[in-house]
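Asks: Okay, here's what each chain looks like letter by letter:
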Amino acid sequence: MSPLCLRLLALVALAGCATTATAAQPTRAARAHTPPDVRGDALALLPHGAVAWARVDAAALRASPHFDAGIELARGLGADFAMLERELGFDAIRSAERVAFAIYLPPGESAQGGWPLVYARGRFDREAILTAAAARPDAHGQRSEATEHGLTFTVVGNRAYLFPAPDVMLVMERALVRRVAARLSGESSRTVLTDERFTALWRAAGGMGGPFALAMDLAAMRARMRMQSPSPEAEALEAFVVHGDAPGALTAQAAGTARDANAAHLIVTTVDDARAEVGGQLPVRLLGLSRVLRDGIRTHEDGATVRVEVDATADEVRRLLRATSLLRELTGQSS
Amino acid sequence: MRTLLDAIGHTPLVALSRVSAGCHVPVLVKCEHMNPGGSVKDRLALAIVRDAEARGVLSPGATLVEATAGNTGVGLALVAAIKGYSLVCVMPEKMSHDKRSALRALGAEVIITDNAPPGDPKNFQMVARRIAEERGAFLTDQFRNAANPRVHFESTGPEIYAQCEGNVGAFVAGVGTGGTITGVGRYLKSRDPSVQIILADPAGSRLAGLVNHGALGDGAAYLVEGIGSSEVPQVLDPSVIDRAEVVSDRESFEMTHRLVREEGLLVGGSAGTAVVAALRLARDAGMKGPVVALVPDGWDRYRSKIFDPAWMKAVP
Numbered sequence: 001m002s003p004l005c006l007r008l009l010a011l012v013a014l015a016g017c018a019t020t021a022t023a024a025q026p027t028r029a030a031r032a033h034t035p036p037d038v039r040g041d042a043l044a045l046l047p048h049g050a051v052a053w054a055r056v057d058a059a060a061l062r063a064s065p066h067f068d069a070g071i072e073l074a075r076g077l078g079a080d081f082a083m084l085e086r087e088l089g090f091d092a093i094r095s096a097e098r099v100a101f102a103i104y105l106p107p108g109e110s111a112q113g114g115w116p117l118v119y120a121r122g123r124f125d126r127e128a129i130l131t132a133a134a135a136r137p138d139a140h141g142q143r144s145e146a147t148e149h150g151l152t153f154t155v156v157g158n159r160a161y162l163f164p165a166p167d168v169m170l171v172m173e174r175a176l177v178r179r180v181a182a183r184l185s186g187e188s189s190r191t192v193l194t195d196e197r198f199t200a201l202w203r204a205a206g207g208m209g210g211p212f213a214l215a216m217d218l219a220a221m222r223a224r225m226r227m228q229s230p231s232p233e234a235e236a237l238e239a240f241v242v243h244g245d246a247p248g249a250l251t252a253q254a255a256g257t258a259r260d261a262n263a264a265h266l267i268v269t270t271v272d273d274a275r276a277e278v279g280g281q282l283p284v285r286l287l288g289l290s291r292v293l294r295d296g297i298r299t300h301e302d303g304a305t306v307r308v309e310v311d312a313t314a315d316e317v318r319r320l321l322r323a324t325s326l327l328r329e330l331t332g333q334s335s
Numbered sequence: 001m002r003t004l005l006d007a008i009g010h011t012p013l014v015a016l017s018r019v020s021a022g023c024h025v026p027v028l029v030k031c032e033h034m035n036p037g038g039s040v041k042d043r044l045a046l047a048i049v050r051d052a053e054a055r056g057v058l059s060p061g062a063t064l065v066e067a068t069a070g071n072t073g074v075g076l077a078l079v080a081a082i083k084g085y086s087l088v089c090v091m092p093e094k095m096s097h098d099k100r101s102a103l104r105a106l107g108a109e110v111i112i113t114d115n116a117p118p119g120d121p122k123n124f125q126m127v128a129r130r131i132a133e134e135r136g137a138f139l140t141d142q143f144r145n146a147a148n149p150r151v152h153f154e155s156t157g158p159e160i161y162a163q164c165e166g167n168v169g170a171f172v173a174g175v176g177t178g179g180t181i182t183g184v185g186r187y188l189k190s191r192d193p194s195v196q197i198i199l200a201d202p203a204g205s206r207l208a209g210l211v212n213h214g215a216l217g218d219g220a221a222y223l224v225e226g227i228g229s230s231e232v233p234q235v236l237d238p239s240v241i242d243r244a245e246v247v248s249d250r251e252s253f254e255m256t257h258r259l260v261r262e263e264g265l266l267v268g269g270s271a272g273t274a275v276v277a278a279l280r281l282a283r284d285a286g287m288k289g290p291v292v293a294l295v296p297d298g299w300d301r302y303r304s305k306i307f308d309p310a311w312m313k314a315v316p
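As they're listed, the protein sequences go chains A and B.
Those letters in the first sequence? Residues 1 to 335, per this note's numbering, in order.
Those letters in the second sequence? Residues 1 to 316, per this note's numbering, in order.
Just chain A, same shape as in the assembly (with noise of 0.2 Å):
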């Protein structure tokens, strides 16, 4: 897995912390030929076909009562936001008022790891992004430009920009300029939003409603990516989505697909007996966790599907982030 893709799964993780409810709905495939709103929705812009996929509004993110405990917890946690900046050549977390990204596969049969595709809306140096793409080891100092479709792309090394608006940017793996292009035009009209591999998840997850959408087929990435799950229990989930609000108060919902019915009730498990053993600890229950743990966390298992729902008071979420940190200090973990 690319540090790009690791560093971007971070920023998604601590997009748990997003605060407005805008509540955006899968938008309409455009019309083949019509090209769609570069400024619209991100999701409308990735092509179809990616195995993970997120959307965070950042602009919320950085609005949420939680957001500096979350930058300190996620940093705690090892997210290394100087190498996010680097990677993608501007602050994202300061910066961008909308992001999305994607996972593509390679299709090479022993090709390893993944292509991301990120989109960001927000104030950005162009030539500042530009030349410290250059600057990356693998870039080899040189950058060229490549037509597809009508819109010209920077590349530099394996990577290739496109700026369609002055506040947009689109950063891809190189091989992924005829897909995108293919999409900005209009010839393609597919998209993450028409992904059929994630349609009854998302019914089950209520919609995908909220600053924050994560979607991510689980088993394909396992498969090319060289993942490494924590438990036997991440390795039964196949494919997961998760959508979620935190204006103060969080609110979020996930759908999952086992692996079969077994592994399905395996997970549900697992978490009801993680909950309930943490809830009884003396330390949860003095610091006002126990209603979280007992009633905010609800699942449910239908078969091979299994659903997650949370919610949590905005004084419980600063109480939770808290708790975590100081977890963290005094058993010196960072990971």
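One should not assume that every hint holds.
[Said to hold, decoys possible] Which bits of chain A does chain B cover? Going by a derived footprint, with three or more residues having C-beta under 8 Å, they are:
1. 96-108
2. 167-179
[To be verified] Over the 10 Å line for every Cβ pair with chain A, so calculated as not near, a few chain B residues:
3. Ala-15
4. Val-19
5. Thr-63
6. Gly-119
7. His-213
To be clear, the hints were calculated from the coordinates, so they are not data collected in a lab.
It should be emphasised that the depicted structure is a prediction, and the values quoted were computed from it without experimental measurement.
Backbone N, C-alpha and C fix where the C-beta goes; we use that ideal spot for every residue, glycine too.
Given chain A's structure and the hints, the job is docking chain B onto it.
Replies: Leaving out everything else, chain B in the frame of chain A:
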């Protein structure tokens, strides 16, 4: 575009439609003949000059000396003209008069040597080295210059991979200096180790033996220009090549004619060699992805040979 040098590279990758009948997978050709100087060597010429400039070994108005089969000379002449350098090209007698006149038209000084084997003082590479020493000029040395495979690793390989959207079954090219197949091969295998790198070698070249049997094969005269060798070029990394396909002169030239007439590809004889080899692979049911053949140069330097019916009659 600031200068014509910015037009070097980013060549089209096109699918063959008529000559590829019966193939299991698409055959794509990387149209290097569409570089401004008419060949893949434009990339090399620009890379060598830029590398020398970056290392501070080229002063303004300096003289470049190159032992060339023709195309590198044209590429260097073009780069030299734009950047203000002088150029001396040393080439063997067997090279076409079209190439000589093109170089002279571009302002290069052309020195013709005997068709002497490597190591012979009259061999074109030995003569070039001696002239560079005598005149205090910069020997571009495409056969040994590390910038040669590097430019293909950094530009040609990534272009092919991106144009195929990562779906490459095999890459086919001849070996002149070995820079192209080494650089492109290394890049493609770094992205997908299952990509096959295939040498298209003229019958008579000794390199196919090295690749297929571990030792240089028997040498013989052949007519295809710019590819094949009786020794291993220094920049060639044979370990990157999976297999060699041997192609006769007649097969190469007949395919060149077909590429011109049936595909509209105005290419030279070594393009025929690469495409014949690529078609053999693409007709193999085991091939999993598109086969990419690199077309090194255009037809305009071979009109007095391949495209002259009288000359073609004499091809065995």
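Asks: Now tell me, hint by hint, if it's right for this structure.
Replies: Hint by hint, here is what the structure shows:
{"no.": "1", "hint": "96-108", "in the structure": "holds (count 3)"}
{"no.": "2", "hint": "167-179", "in the structure": "holds (count 6)"}
{"no.": "3", "hint": "Ala-15", "in the structure": "14 Å, holds"}
{"no.": "4", "hint": "Val-19", "in the structure": "25 Å, holds"}
{"no.": "5", "hint": "Thr-63", "in the structure": "26 Å, holds"}
{"no.": "6", "hint": "Gly-119", "in the structure": "35 Å, holds"}
{"no.": "7", "hint": "His-213", "in the structure": "26 Å, holds"}
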